[in-house]
Every structure is written in structure tokens, then in C-alpha cells.
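Residue strings, one per chain:
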Amino acid sequence: MICNLYIKDIKAISKLLEDLWNIDLSHFTYVILKIKLEQFCDKYKIQNVKLLENRIETSPLIKEDLLIYLYSDGFELFRDPSFWRTLKEDILKNINTNLPFRVLFPACHQGAELLSFLMLRDVLGLTDKVSVMYSYHHQKLNQVKNGFNFDERKHQLNLSNYKRINGEELPEKYLRFESNKLIPSSDLFINTEAFHDLEIASDLNKSVNGVIYRNKLLNYKRNIQNEIISGLATKIKSGGFLALGIKEQILKDSNKELLTMINKKESIYKKKNVV
Amino acid sequence: MSYKALMIGGSAGSFQVVVYILSHLPQDYHLPIFLSLHRLKHVRNGFVEALSIKSKIKIVEPYNGELVKAGVAYLAPANYHMLIDIDRRIVLSTSSQVNHSRPSIDLSFQTAAEAYRDKLLGIILSGANKDGAYGLKKVLDYGGYTIVQDPDDSQIKTMPKAALDLQKPNQILTKEELSIFLNQLKQTKG
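Chains as they are written, first to last, in my numbering: chain L, 517 to 791; chain B, 9 to 198.
Extracted from the complex, chain B is given alone in its bound form (with noise of 0.2 Å):
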């Protein structure tokens, strides 16, 4: 299976995770990568600058309408939720949270899901809720590959165990696994 794009859900104990993984990710990567992350809705700057001091892969906060490129990673913006669309534009909204959560992993899932479908790649981190659970289990509804981070390899379970409550991933990987699997697809499907 080759995919379209790969989305990354995760919350408290997931930036550590994520630093790690776009790590070890080359900068000419073959998929957009989509990173719904919980943050504080009322910190606007430093986040994507604290991803990108290990990260050769470009860190981009994405503008409403933005067409998605392969190679670059879209962080969704504090406060707002990261929606894709059919024609694969990222929308954003103001719509009131989810999970209590803006953005809300469910909803990036959710749509991203429909719009790739059996080409979409989600993993679900560390977390504190169970934001993204839905959604993951809507990936896999969809024919996508779905991937949760270990309960044990996790700084925080809950996040991981709820999705894992609703589905049976295709697999259960820890970070350091992600990381070779992402870069085995590359090797593989590049």
C-alpha cells in the first residue's frame, strides 16, 4: 500500500515523541505530515520553533485553505481546529472544542480519514484524554493504517489505551519503532 499522507495525534507526553520522530525523518520525505497536537490555545509562537531545532523536515503553522505538500509538516494552530478536506485543503474552524480540546484529534482524524482514505496513516501518542480515539477507529473505518504508541512505551497512557479500548490497530509500536517504521515506508514506498 502506498499512502498520501500521514497524520500524528498527541497530547501531554507526545512532544518529546514527535521531536524524536521528525528527528529521524529526512528532509525530502514522501508525505505531508499532519500534527494535531493539544497545546495552550493561548500561546501562539514557539511551538513550531521548538519542533524544529532537530527536525530537517519544515515545521509550518498552516493558513486556512492551504494546499497540502508533501514533505512538510502542519502543526495545527493553537486555538483553532485543523480540519482536511475533500479536495485535500487544510481547513481551519473556531467551532467550539471537542473533548474539550481546540484542536481536537478526533476531528483531524475524522476528516483526514475521508478525504485519504485506505491512503491515510494515523498514529495516535501519549495523552491525557481521549481525544483522537474516534477518530483513529474512523481511519481504520475508512481502510487507512492505524498505528498507537505503546501504553508502556507512553509518558501518559490514557490517550493510547482509549484508542486502543475502540480498535484494533494494525499496530502497536513504540517510539523508537514509529521512527523506523516511518523511515522503512520511505525506504519502501518512496
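Just chain L, with the same shape it has in the complex (with noise of 0.2 Å):
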């Protein structure tokens, strides 16, 4: 790292982007916006925290390359490959395709695990089947669809991660690379639906049979934690599920009354059937 901030400095950045573009930063725990301030400032061979406000001060662009670095995680398709045996086998398999079934990806960013589900559910024959409602935090962040930078010598990962689950080849038409970018087929998004929200789903209005949110909940703090779980769990449908990632779990108690825990190993709950 080229650059060390601290806590004042965490504090000063937080206020600045409060002031000058309304993002609030109160929900990320101190230690992950600080190493993702840092990251932001290793890229642009920032400093020290005043080149940082200056550069943020004099250079609209830079919100946009910002907000990833706070928003975004590393690209893995696929990642946990038991997990996605476990959707596929426990879940996908068994749902009645006569009803309607719904999945929710609320602050769906860069979307690798939106990309993998979709790819899975085509692959099972159930793009008509199962609809797929994602959201996004910023409109900036809304990359997904039309594809992001993404270096093609990591994506033998996503091909192996892929094939441990059960052995096959991820089929080639799903993806494909143009100029540095990934690029997802345009027909894995039929039947989604994409909405800007503010991570916990608030404007949504209907219910869904389940929620995949996977590694999100370990950019905040406990008390947001919470909030977000309880925004989710009014949208689930009893008996629908909740997916966290592998070291994740449901902290407070009001929680555990509406989730029950059914795969602790991949983290998944059921919503309890609410009278």
C-alpha cells in the first residue's frame, strides 16, 4: 500500500462523499472502508489522504471507479462450488414448476453470483421457470448486463469452479470476451428484472421464494447486518430460502424466529411459516 489512512482520515473521506455526492459510508465496518480506501488509492498512486480529497474534489469521474472499489468484491463465478451443487440439488431440482417461482439478488454489483445462477438456471432448463429480480445500489453499478472489465487469464477459475460441481464443462455460449470485457450472453437475462435499490430491497414489492446474498453482509457493521436480514426476510415467502455466504450467519435473535437454519455448511435458511 502507497497510501495509509486512518481513522481520521476515514472519518474525512466518509464526510466528503457524504457532502459533496450523498453516499453514506456509515454502514461499512472500519476495517473493510479502510482497506478499500487504500486499494482505491494504490490504483490512482494516491498518498495520503488530502491528494485523496483533492482528487475526489477536482475529478467527477473518479465516483465512478470509486463506488466500485466500495461496492464491488472479487469476480468469482461460481464461487463455492458445494454451495451451487447444493442450490442446484436441495432447491432447483425440487421447486413445482406449475407455481411460480421467484429469486431475489438484492446489490447486485459486478453480479458473479447473479451470472452463475442464471447460467445454472438455463442449464436446468428453467429460464421460463424460475424469474430472476436483481438490484443495484447506484446506477453505475448496474454493469452487469452489459458487461466489465474482467482479465480473461482469471476466468480458467470460473471454468474449474464450474466443473467441480458436478463434473461437466460450463457451456461456452454463456460468455464471452471482447476487448477486456466480459460479456454475458443477452438471453440469460430473459425473465429478470433489474431495480435500483438500497441494498436491503425496501422498493420491493413482491414477495420472492428466495434470496441469494452471499458475502455482502461482511462489508458491515452488526447493527446493519441485522436491518438488512430483516428487510429480507419480509420478502421471502415461508418455506423460501436465504442464502449467506459460507461465513455468514443470521445474528440476532428476532431473525432466527422468522429463519431457521437448514445447510449450515453453505449457510442457507428457510423462512419459518408465519401464521
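Worth flagging that the hints you see were computed from the coordinates, not collected in a lab. C-beta: ideal position from N, C-alpha, C; glycine also. A few of these clues could be false.
[Stated by the list, open to error] Output of the computed footprint for chain B on chain L, the stretches with three or more beta carbons under 8 Å from beta carbons of chain B:
#1 527-536
#2 731-738
[What the hints assert, rightly or not] If the Cβ cut is set under 7 Å, some of the chain L residues that face chain B in the computed set are:
#3 Ser542
#4 Tyr546
#5 Val547
#6 Gly590
#7 Lys763
#8 Glu764
#9 Gln765
#10 Asp769
Taking the hints as your guide, dock the two standalone chains into a single complex.
Here it is as C-alpha cells:
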């Protein structure tokens, strides 16, 4: 790291971003915010907080990239293959295809999880049966459909992950590379709907059969995690599922009363029947 | 100086050293131990079990947000960075790789250094890349105590040598000396 940011620096930058662009960073844990901002500074060779403040104030174009650093993590398709295997075998293969089945992906930025799901959905022949809703926190972050910069050399990991699900190769038709951009097939986005939200799907009116929200809570303070889970729980139908990251868990007792763990290894919960 | 936490970073060739160190520490060791070790990203099971065979200390892969406890060794989970927040909770992250690594030893050391300042003991072991060198320097910068495994005692010298290129650590020790040092620390400060 060429830039070291300290508590007072993080506070100053947070205030500046809120004043300038109305970006509220108070939900991030300190250490996550520090690491993300320092990595951002590294990319732009910004050496101290004063230079960072100056860059933010004088270069509006930097906003998009900063948002990506703040709200996106490492891009990896089919991360945790055993989760995707469980999702496929225990949930998707057992749905009643005569009834509507809707899955929500909140806070979908680069959308590795969304793309993974859409490909799996198509492989299973469920594109017409399972509708998908995904949300993004900021218009600049709604990159998933149009593609985004991705090093093709890192794609082997995605292919290997898919193969670990059940030994099959990922069909080539789903993804292509153009000028260092990874571009998903537009066919994957049939029966999908994108909308803007504030991480907690607060403006979502339709209830859903499942929510996939993996490794997003890692970034947030405990009280915010509880709020997010409470918000998502209200959107899930009785008997529906919530998938968190394998190292995430529901903390608050009132949320545990709504959602019961059905697979500890993969951190999958089921919405209890609400009378 | 009484320390509040011990962090060990290592990569290729460090596994046997970590096993040796853990097997010689008492069950009621007075510090939490963070193990930021490079590992295969897609292999989730087996590492804790392998480390636990000879260890008297409980070894866990933490969940995000766990509060740190003395006498527990926290192994960075596969494919996650393990960070220490200033409230001394463990925060995991799926952010991009650092030094081609996730977990990144640099990130673990850097964040623990700020959280524990002069109460952190940092150790770099054998490894085949430079991850951890910068982080260990941050431990020293914050007033913590740093130890590098003697490159001549290391199966792979790259990581200890990279650490030595960036700083003059408080000590350079073999694995046997490391074990004695950590046990004496217990006897003196416990």
C-alpha cells in the first residue's frame, strides 16, 4: 500500500463523500472501508489523504470507479461449488414448475453470483420457470448486463469452479470476451428484472421464493447486518430460502425466529411458516 | 511488554512449522493466535483438522464478526481475507486478491497492527512469495514485536527474505527457537 489511512482520515473522506455525492459510508465496518479506500488510492497512486480529497473534489469522473471499489468485491463465478451443487440438487430440482418461482439478488453489482445463477438456471432448463429480480445500489454499478473489465486469464478459475459442481464443462455460449470485457449472453437475462435499491430491497413489492445474498454482509456493521436480514426476511415467502456466504450467519434472535438454518455448511436458511 | 495477540503468516513450507509451534503451546495459552496461511482456495475442509491433530489449542475457522478470545487459534478461511477490526473482531472479506493471495498475509498483518498496535506479536514463516513482508513492517511501525523465521531454517526462503529486505525485525529465529520464545512469553507474562 502506498497510502496509509487512519481513523481521522476515514472520517474525513466519509464526510466529504456524503457532502459531495450524498454517499453514506456509515454502514461499512471501519476495517473494510479502510482497506477499500487504500486499495483505491493504490490504483491511482494517491499517496495521502489530502491528495485523495483533492482528487475527489476535482475529478468527478473518479466517482464511478470509487463506487465500484466500495461496493464490489472480487469477481468469481460459482464461488464455493458445493453451495451451487446444493442449490441445484436440493432446491432448484425440487421446485414446483407449475407455480411461479422468483429469486432475488439484492445489491448486485458486477454480479458474479447473479451470472452464476442465470447460467445454472439455463442449464437446468428453468429460464422460463424461475424469474429473477436483481437490484443495484447505484446506476453506475449496474454493469452486469453490459459486461465489465475482466482479465481473461482469470477465467480459468470460473471454469474450474463450475466443473467442480458436478464434473461438467460450462457451456461456452454464455460468456464471451471482447477487448478485455467479459460480456454475458443477453439470452441469460430473459425473465429477469433489474431495479434500484438501497441494499435492503426496501422498494420491492413482490415476495420471493428465495434470496441469494452471499458475502455482502461481510462489509457491514452488525446492526446494519441485522437490519438487512430483517428487511430481506419480510420479502421471502414462507418456506422460501435465504442463502448467505458460508462464513456469514444470522446474528439477531428476532431474525432467527423468522429464518431457520437448513444447511449450516452452506449457510442456507428457510423462512418459517408465518401464521 | 505484555502482548495481546500473536499473528503468524506463512505459505509454502510453513505448515510443519505451524504444527510444531502449536503442538508445543499449552492448551490455556494466554494470547489469541491468528494464522494467516496461504492455502488452496477451493479446499474448505481438512486444514483445521490437520493442524488440530497435535495442537492442544483449539483451532477454528472464524465466522465473520467473531470476537477474539485468548487461547484460540483463528485460521483464515480458504478464499477469504482475514482482517482484524479496531474493536478486535475478526472481519472476513472477499475483496480482490492481494499479492495473488486470498487470504493475504499483508492485509491480516496491516489490520491487526492497527488494532493491537504495540500489543501485537507478528511472525513470518517460510513461503514462496513476498506477501506478508509489508504487513510485518506495519507491525513494527505500530510498535509491535516482529520475528522472522531464519531463512536458513525455512523450507522456502523467499518470504522470510522479503520481510528482512523491508525491515530489521526484533528477532530472527529457527522454529525450535520460536517455540521456546513463545512458551517463555507465556511463563514470563502469563
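Hint-by-hint comparison with the structure:
Requiring three or more residues with a Cβ within less than 8 Å of a Cβ of chain B, the coverage given for the stretch 527-536 of chain L is violated, as only 0 such residues are present. For the stretch 731-738 of chain L, the stated coverage by chain B is satisfied: 5 residues place a CB nearer than 8 Å to a CB of that chain, which reaches the threshold of 3. For the restraint placing Ser542/L at the interface with chain B, the shortest Cβ-Cβ distance is roughly 15 Å, beyond the 7 Å limit, so the hint is violated. With 7 Å as the threshold, the beta carbon of Tyr546/L comes within range of chain B, its nearest partner Cβ sitting at about 6 Å, so the hint holds.
The closest approach between the C-beta of Val547/L and any C-beta of chain B is roughly 4 Å, which is under the 7 Å cut-off, so the hint is satisfied. A least Cβ separation of about 5 Å between Gly590/L and chain B falls short of the 7 Å threshold, and the interface hint therefore holds. Look at Lys763/L: its Cβ gets to within about 5 Å of chain B, closer than 7 Å, so that hint holds up. Interface restraint check: Glu764/L against chain B, minimum CB-CB distance 6 Å, threshold 7 Å, status holds.
Because the smallest distance between the Cβ of Gln765/L and any Cβ of chain B comes to about 6 Å, under 7 Å, the interface hint for this residue holds. This hint is violated: Asp769/L has a C-beta 15 Å from the nearest C-beta of chain B, more than the 7 Å allowed.
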